[in-house]
Amino acid sequence: ADRPGRQLVSVVVPVFNEEDNVGPLHQRLRKVEASLEGAAMEIIFVDDGSRDGTYERLRALRRDDDQVRIVKLSRNFGHQAAVTAGVDSAAGDAVVLIDADLQDPPELIVEMVRKWREGYDVVFAVRARREGESPFKLWTASLFYRLIRRITQVEIPLDTGDFRLMSRRLVDDLLRLGERHRFIRGLVAWLGYRQIGVEYVREQRLSGETKYPLRRMLKFAVDGITSFSFVPLQLATWLGFLAASSAFVGVGVVLYYRLFTDIPLPGWASVMISLLFLGGVQLMTLGLIGEYIGRIYDEVKARPLYIVEEKHGFVNTRASG
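For the sequence shown, the numbering used here gives the first residue as 1, with consecutive numbering after it.
To be clear, the hints were calculated from the coordinates, so they are not data collected in a lab. Using N, Cα and C, we set each Cβ at its ideal position, and we do this for glycine too. Just so you know, not all the hints are guaranteed correct.
[Stated by the list, open to error] DEER-style ranges, computed between Cβ atoms:
| id | residue 1 | residue 2 | range |
| --- | --- | --- | --- |
| 1 | 60 | 284 | 49 to 57 Å |
| 2 | 169 | 283 | 44 to 52 Å |
| 3 | 193 | 74 | 28 to 36 Å |
| 4 | 301 | 192 | 26 to 34 Å |
| 5 | 287 | 177 | 23 to 31 Å |
| 6 | 284 | 28 | 45 to 53 Å |
Using the sequences and the accompanying hints, generate a full structural model.
Here it is as structure tokens:
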């Protein structure tokens, strides 16, 4: 830690095109530090390939505050990779993850630190209410959290994001997990240790646009499900049994009408329906298998999860992770 005799809390902030938000976030984090008795704070901003003036704003913050650290990635690697880059660089006794849009209140860190000092290794923030989000977004988010909890063997807390505090010993274990398609909240739940939640009201984004439109939300959901569940593959097996069972029933019906009745069987419609059904099942099954094979392919290439272009404020200048 930079201040002997005091605990160090590392706050990791992944940023992508957040030039109007990093300044207000920094101000509020500094006020939070003043409320943390016996603790200092370092703020690690991870610039995930921003194309606006975010990096220049971060350099200006760094000039005025030597506890601001900057990790500039060589391009946009995605939110979870940027979080990992920040955690890799964190030196704190505890590490807090928070986004830059100020939907998650930095003031909650005070309560998180209190719970950590009581002996908890993870203090995650539970969204009791979400302001300014559409009914569709609220419904899909609720559905996702409950679906992934039901089909995985990991107890991932409901209605939580990546906003959380983690102890140093849990962070050290988290850094040992090397998969590329990362789902941080799932990995943290998988690690275990003592965990507790604190409720809060999620506010509207301060400025700028959401970094999780529907397409990215769907990709994130697929990453989470495939990282912690084989149920989609088992679903393919169940669909195969369903198709086979339907075929056997169909054969029985055809034989009955052919052998015991004089009712003519029109063939074209029934044949086309059967072919479309079987073709759909096969293509969906191949797609599910392809999702898992694609992830295996990414893992065996063993490329770095991210590449660092520049680092400011660190002794360790490791360039990749």
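Verification of the hints:
1. 60 to 284: 49 to 57 Å: 51 Å Cβ-Cβ, so the 49 to 57 Å window holds.
2. 169 to 283: 44 to 52 Å: holds, 46 Å
3. 193 to 74: 28 to 36 Å: Holds, since residue 193 and residue 74 (Cβ atoms, about 33 Å apart) stay within the stated range.
4. 301 to 192: 26 to 34 Å: holds, 29 Å
5. 287 to 177: 23 to 31 Å: Between residue 287 and residue 177, where Cβ atoms are some 27 Å apart, the hint holds.
6. 284 to 28: 45 to 53 Å: holds, 47 Å
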